[in-house]
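Asker: Residue strings, one per chain:
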Amino acid sequence: MDENLRILYVEDDADIRLVAEMALEGEGFELVICESGQEALNTAVDQKPDVLLLDVMMPGMDGPTTLQKLRELPHLVTTPVIFMTAKVQSEEVAQYKSMGAIGVISKPFDPMTLAEQIRSLVEQKHA
Amino acid sequence: MGGDNHDADYLTISTIMKKPEIPTNEAVRHQSLCELAILDTAAEARFDRITRVAQRHFNVPIALVSLVDSERQWFKSRQGLDASETPRDISFCGHAILADDIFYIANTLEDPRFADNPLVMGGPKIRFYAGAPLHAPDGQRIGTLCIIDDKPRTFSQDELTVLRDLADAVEAELERGHLLLAETALADNEARIRAIVDMVLDGIITIDSYGRVQTFNPAAERIFGYVATEVVGHNVNMLMPAPYVEEHDSYLQNYLATGDKKVIGIGREVTGQRKDGSTFPMELAVSEMKVNGDRMFTGIVRDITERKRIESNLRSSENRMRAVIDTVVDGIITIKDTGMIQTANPATASIFGYDIDEMLGHNVNMLMPEPYHNAHDGYLHNYLTTGDKKVIGIGREVTGLRKDGSTFPMELAVSEMEVNGERMFTGIVRDITERKRLDLLKSEFVSTVSHELRTPLTSIRGALGLVLGKSAESLPNSVRQMLKMAERNSERLTLLINDILDLEKIESGRLEFELAELDLVALARRAVEDSEGYAHQHQVQLCLQTNLTTAPVRGDTHRLLQVFANLISNAVKYSPQDGTVEILVTSNDGGFRVAVCDHGPGIPAAFRSRIFQRFAQADSSDTREKGGTGLGLSISQAIIERHEGRIGYQSEEGEGTVFHFDLPAVEAVIKEGAGNERCIRVLICEDNADVASILAEMLKPEGMVSDIAATAEAARTLLAKHAYRLLLLDLTLPDADGLQFLRELRSVAATVDLPVIVVSGRAEEGRIAFNGDAMAVVDWLQKPLELERLKRALHEVLRHNYRPCILHVEDDPDIIQITQVLLEETAELSHVATVRGAREMLAAQNFDLVILDLGLADGSGLELLDELKGGCPVVIFSAQIPDREITEQVTAALTKSMTSNEQLLETINKILRG
Numbered sequence: 001m002d003e004n005l006r007i008l009y010v011e012d013d014a015d016i017r018l019v020a021e022m023a024l025e026g027e028g029f030e031l032v033i034c035e036s037g038q039e040a041l042n043t044a045v046d047q048k049p050d051v052l053l054l055d056v057m058m059p060g061m062d063g064p065t066t067l068q069k070l071r072e073l074p075h076l077v078t079t080p081v082i083f084m085t086a087k088v089q090s091e092e093v094a095q096y097k098s099m100g101a102i103g104v105i106s107k108p109f110d111p112m113t114l115a116e117q118i119r120s121l122v123e124q125k126h127a
Numbered sequence: 001m002g003g004d005n006h007d008a009d010y011l012t013i014s015t016i017m018k019k020p021e022i023p024t025n026e027a028v029r030h031q032s033l034c035e036l037a038i039l040d041t042a043a044e045a046r047f048d049r050i051t052r053v054a055q056r057h058f059n060v061p062i063a064l065v066s067l068v069d070s071e072r073q074w075f076k077s078r079q080g081l082d083a084s085e086t087p088r089d090i091s092f093c094g095h096a097i098l099a100d101d102i103f104y105i106a107n108t109l110e111d112p113r114f115a116d117n118p119l120v121m122g123g124p125k126i127r128f129y130a131g132a133p134l135h136a137p138d139g140q141r142i143g144t145l146c147i148i149d150d151k152p153r154t155f156s157q158d159e160l161t162v163l164r165d166l167a168d169a170v171e172a173e174l175e176r177g178h179l180l181l182a183e184t185a186l187a188d189n190e191a192r193i194r195a196i197v198d199m200v201l202d203g204i205i206t207i208d209s210y211g212r213v214q215t216f217n218p219a220a221e222r223i224f225g226y227v228a229t230e231v232v233g234h235n236v237n238m239l240m241p242a243p244y245v246e247e248h249d250s251y252l253q254n255y256l257a258t259g260d261k262k263v264i265g266i267g268r269e270v271t272g273q274r275k276d277g278s279t280f281p282m283e284l285a286v287s288e289m290k291v292n293g294d295r296m297f298t299g300i301v302r303d304i305t306e307r308k309r310i311e312s313n314l315r316s317s318e319n320r321m322r323a324v325i326d327t328v329v330d331g332i333i334t335i336k337d338t339g340m341i342q343t344a345n346p347a348t349a350s351i352f353g354y355d356i357d358e359m360l361g362h363n364v365n366m367l368m369p370e371p372y373h374n375a376h377d378g379y380l381h382n383y384l385t386t387g388d389k390k391v392i393g394i395g396r397e398v399t400g401l402r403k404d405g406s407t408f409p410m411e412l413a414v415s416e417m418e419v420n421g422e423r424m425f426t427g428i429v430r431d432i433t434e435r436k437r438l439d440l441l442k443s444e445f446v447s448t449v450s451h452e453l454r455t456p457l458t459s460i461r462g463a464l465g466l467v468l469g470k471s472a473e474s475l476p477n478s479v480r481q482m483l484k485m486a487e488r489n490s491e492r493l494t495l496l497i498n499d500i501l502d503l504e505k506i507e508s509g510r511l512e513f514e515l516a517e518l519d520l521v522a523l524a525r526r527a528v529e530d531s532e533g534y535a536h537q538h539q540v541q542l543c544l545q546t547n548l549t550t551a552p553v554r555g556d557t558h559r560l561l562q563v564f565a566n567l568i569s570n571a572v573k574y575s576p577q578d579g580t581v582e583i584l585v586t587s588n589d590g591g592f593r594v595a596v597c598d599h600g601p602g603i604p605a606a607f608r609s610r611i612f613q614r615f616a617q618a619d620s621s622d623t624r625e626k627g628g629t630g631l632g633l634s635i636s637q638a639i640i641e642r643h644e645g646r647i648g649y650q651s652e653e654g655e656g657t658v659f660h661f662d663l664p665a666v667e668a669v670i671k672e673g674a675g676n677e678r679c680i681r682v683l684i685c686e687d688n689a690d691v692a693s694i695l696a697e698m699l700k701p702e703g704m705v706s707d708i709a710a711t712a713e714a715a716r717t718l719l720a721k722h723a724y725r726l727l728l729l730d731l732t733l734p735d736a737d738g739l740q741f742l743r744e745l746r747s748v749a750a751t752v753d754l755p756v757i758v759v760s761g762r763a764e765e766g767r768i769a770f771n772g773d774a775m776a777v778v779d780w781l782q783k784p785l786e787l788e789r790l791k792r793a794l795h796e797v798l799r800h801n802y803r804p805c806i807l808h809v810e811d812d813p814d815i816i817q818i819t820q821v822l823l824e825e826t827a828e829l830s831h832v833a834t835v836r837g838a839r840e841m842l843a844a845q846n847f848d849l850v851i852l853d854l855g856l857a858d859g860s861g862l863e864l865l866d867e868l869k870g871g872c873p874v875v876i877f878s879a880q881i882p883d884r885e886i887t888e889q890v891t892a893a894l895t896k897s898m899t900s901n902e903q904l905l906e907t908i909n910k911i912l913r914g
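Chains as they are written, first to last, in my numbering: chain A, 1 to 127; chain B, 1 to 914.
Just so you know, these hints were derived from the structure itself, not from any lab. Treat the hints with care, since some could be wrong.
As the list claims (entries may be wrong) - Taking lysine to aspartate or glutamate and the DMTMM-like style, the derived pairs with C-alpha atoms no more than 25 Å apart in a straight line are: (1) B:LYS896 x B:GLU863; (2) B:LYS19 x B:GLU71; (3) A:LYS97 x B:GLU71; (4) A:LYS97 x B:ASP530.
Values in this document were obtained by computation on a predicted structure and should not be read as measured data.
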């Protein structure tokens, strides 16, 4: 991909946000980082990301709810979504998939391969 | 006398002779004779004395005691005659027994009855005969005492009296013999009875009407410990303990006075008392008899101590069991093979909210909600006829139905037994509502805790990873070592959390399995690919070897991959550098074996007994070097066992280790229902065979034939083979995600419109995920399934998704276009312009309706009416007005110029709706 991949990244934990940010820095991504689902909804109105990268457990509004709300925005109806979560019991993963997630990245993730993981999930989707 | 070899004279004369008549009561008479048992016995002095006296007294040459047998007269005693018998038909005695008086012939030559008798004509030349009838004790005349002379003579009254007296003496002798005989018989009989009485196991005691013991048999002696002489003559109440002792006499008195029977009868249980004073339970049967006019009683006594002991043991064991069953918290019910509830314990009543009486005699399906309610009889029937166990087994989780209509999760264990040759089933029911609630809490707790643990770990691992990944070069070596240690341990901690989660599930029995049919070869390939990276890190080669193309087993993909990963990573860990790990898949005794072989140091013998234990590692000093939590094999074992498989290993120290697991093979994944081309064919895509067959049963009454596919792949095969009217789809399929499969179906032309009803435990979730997605899903049905809702959905499908086919026979293109526009909403239209074309179409395809124009290029549409008769409805739509005769043959007849579009549409809709 020639252009940078625009990612709307929602994560409530500041440390993890920082790690992810650093991990993706310089790997050909453009990150829009939000600290909560609500902030994501506000921000997304005038953003057109290529991928949604959502934490699942967040105070206030969890990842799946955030996704549902984001989907109500016409320009985000088909945007691919990846969940990033520590809740990776098999039935949980299946549930994310059934919500249309193109992939699930389990926490803790490997920062050195995070960029690659995201890129390959997106490519799979487009293939 | 009168043998058979007589001369011609005798023969001539014998035609005149009078034979003695046979008495009318001959049979009875003969019977009386036989009962004396005297015929053909030896001569006896007591009779010979009498005949000798007669011979001398009357001064005759011959005196006989003659007994008239059926064909002869036989002489018990004879004087002056050698023959012991003569034929009855030439006998004089045969005549003499016809009357009670003495029969005498003074001169035989003057009597036409005897003049030519061979005994008269030949020896002993009888001229005179006198015979006094002899009576048996019962009065029958059985013979005579007779005297014979060879000269005629007359007989005075006095002589007649003497002969009669002598005959009476003979009769007395006969009677005495008879009595002797009877006495002998009686003595024999008594000996027999005595033998029986002495031999029987039951005590037999006779008493007189005063209660005194008359007889006391050996069995009675054994039972009571007395010898007969100690008892006979004493009151029978010596054999009874108080209070019967006093009562017995009054019983007897009472009975003798009033006939009120307190004792007489069969099989009363009473208490007996032995000589030593001990008492015992006995069964007593008393009967009454009369002997010589005296009333006697016979008592038959059986010691039932042993029987009572067994009964009492049984009773107390039954009481114990009953107490257990009545107080146990689990519901226990027994049902007959008809499904009828036979017993239910109090816990069952409280679990289901019924009184016990409300359940007994009812079908056990009253305790089940749909669809089990209806399916249960089928299960039972199926089991009884085929032995296919759908219900029997331990610990299935099912749904129960309370009296108030509410449902609850319960655990059900059913076992089968035979009682008195009848097949019965016992069900043990446990309400697991609370357990389910706790499970949910626990599951949520574990999920939350794992999240809380992972969140900080994510930052730690991430931060370390970034430092080491991006700026390792700029760090001093010692710092880099420390950071690497921290990173390694953060990874270990992650693995540990994952394993602890699994372990928690194993311990709570909640390790969830989504069992489905899958290919073990493909799974092994995938597992090897997944582990390639890890092996590479350790510089170990992975090598998959198999001769099999597929190895169908039933299993949970994710869990089996976990086992593969565990065994492969163990093998890699313990392989020498540049070593090889072989993964073999072979078929093995009704199943398949996966073996993972390494060429490492082998398992130390001392460690082998603990190998599957938790947190077990061969060498704890190795731990850091080898990594791992020590939980892997324990988890793998639990997973394989839940797959009804076995896990094991062989190891040789210094040679290497082979870990293997065996899984049973499964049968085909496709079941096709029987049905012809015209039936409503439905595809059920569901990997749980039980659920699939319940669904198929539910569809049957709707007139649908079901094919069952256990996998998405099988469904694809079947979809290519048959035209289905409906697909029932489970979302959790072994080889595909149900929703993705649904998307796939929608992207293929053949199935783009196929009506789908989703039946799944994940139906709600799927519905939400698909919200707004324009895919024709008729309904999303959540398991457990509501039968009514399924039925509604089915009817929806049948109503909306069936497009009737109409053949329009018409040559005017404008009319064709109008009807096409009018009807395209409701039906599939086919057009044809000629009679011949119509014939071809009708032969090739079934139509639900034919619209017929009459004036066609190659003839009249009427020509088709005969062929269509009895087939589909016909609407004539023509410019001509057909004859009444014609209109009576069709469903409707419309005239083009006189019919509005609405009328045409309405008519056709009405017919199609039927």
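Asker: Look at each hint and say if it fits the structure.
Answerer: Now the hints, each set against the structure:
no.: 1; hint: B:LYS896 x B:GLU863; verdict: 20 Å, holds
no.: 2; hint: B:LYS19 x B:GLU71; verdict: 12 Å, holds
no.: 3; hint: A:LYS97 x B:GLU71; verdict: 116 Å, violated
no.: 4; hint: A:LYS97 x B:ASP530; verdict: 20 Å, holds
Hint check: a violation occurs at hint 3 only; the rest are consistent with the structure.
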